[in-house]
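K.L.:
Listed below are the residues making up each chain.
Protein chains: 2
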Amino acid sequence: MFFKKRIVVLRLGHRLQRDRRVSTHVGLVARAFGANKIVFAGIVEESVYETLKKVCEDWGDDFGVETVTNPLSFMRQCKRNGYRIVHLTMYGENIQLSNVLDRIIKENADILIVIGAEKVPAEVYKIADYNVAIGNQPHSEIAALAVFLDRLFRGEELAKEFTNARYRIVPSKRYKNVVRMGVGNES
Amino acid sequence: MFFKKRIVVLRLGHRLQRDRRVSTHVGLVARAFGANKIVFAGIVEESVYETLKKVCEDWGDDFGVETVTNPLSFMRQCKRNGYRIVHLTMYGENIQLSNVLDRIIKENADILIVIGAEKVPAEVYKIADYNVAIGNQPHSEIAALAVFLDRLFRGEELAKEFTNARYRIVPSKRYKNVVRMGVGNES
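Protein sequences, first through last, are from chains A and B.
In this text, residue positions in the first sequence follow this note's numbering: the first is 51, and each later residue adds one.
In this text, residue positions in the second sequence follow this note's numbering: the first is 51, and each later residue adds one.
This is chain A alone, in the form it adopts within the complex (with noise of 0.2 angstroms):
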């Protein structure tokens, strides 16, 4: 892929029950959209994890969930080990109005992704490298993280084949075609 380094996401403010569907989204997309882990930050419901690890199980890939209990200690030892520090915020720099996402690409370092809920500690705006907007409009973290990435990797991520899935879906115009790969079978 055109961007090569390491990339984790930390999902911040969980709230329980209330954010379940949302915080198993970013998930499923941090995994999707090519990032290498997702990081959640405090107690989060073991049906989230289930359906993560049920996933990968299914469509394949390497891809880890973690949970930290102090996120802001997370960050700064991610910064001490190289990772550029990237808060999706919708009151950063507009990545589509600045050179921001040029200035990260230059890096080229690992990319620790911050996405919060409602309230994020004023903290995490200075400990970032980067707070960047996917526009200035409220949204959705889930979707802020997408673009992002999709942004990041140029599209290519969407292309990108899954080792050790069971499952393959073959595109197509009209139908659920869906592919049970065959015992090892690596691609």
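Hints were generated in silico from the structure; no laboratory data involved.
It does not matter which identical chain is meant; a pair holds if it fits inside one copy or across any two.
Each computed PhoX-like pair below joins lysine-lysine, with the alpha-carbon atoms no more than 25 angstroms apart:
hint	residue 1	residue 2
1	K87	K55
2	K169	K226
3	K129	K223
Chain B: place on chain A using the hints.
P.N.:
Chain B only, in chain A's frame:
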């Protein structure tokens, strides 16, 4: 904007309680990424409408929110009115690996984008003029809608100015910078 036709989003299969947040995100993404209207099939919680209404009041622009009881007949009616029906599904033609987006743009018609929940009636695949996959991996209808619109509008939707807004964000590298718009200020 590059693509100037009318865009309506039809959200199928909302499940009460379970999909409350996801359907809200769908509506917010439709608005923020340049669609003109969201139509929910079936009963949706009052809180979903209230959130969307509040966002339109605060952040501007004319965005419609409606409900239909029979989504299949609504799809057929749109078709009779000259809309092209684009159903976003992981089983469809891959937007990255095919020329499906070019074909849609070339039609130069109004578009009804249909997005479902987990199970979509087979009929939808048949009524649709295009079944389009934002990648052939499972992820999120919110992400699919955002990336489809971002590609359809070539990113210009994220630079759009919303009229009649109470608030506007001044993009910032580090701070939350929100401006309260003056009375009578149109932009």
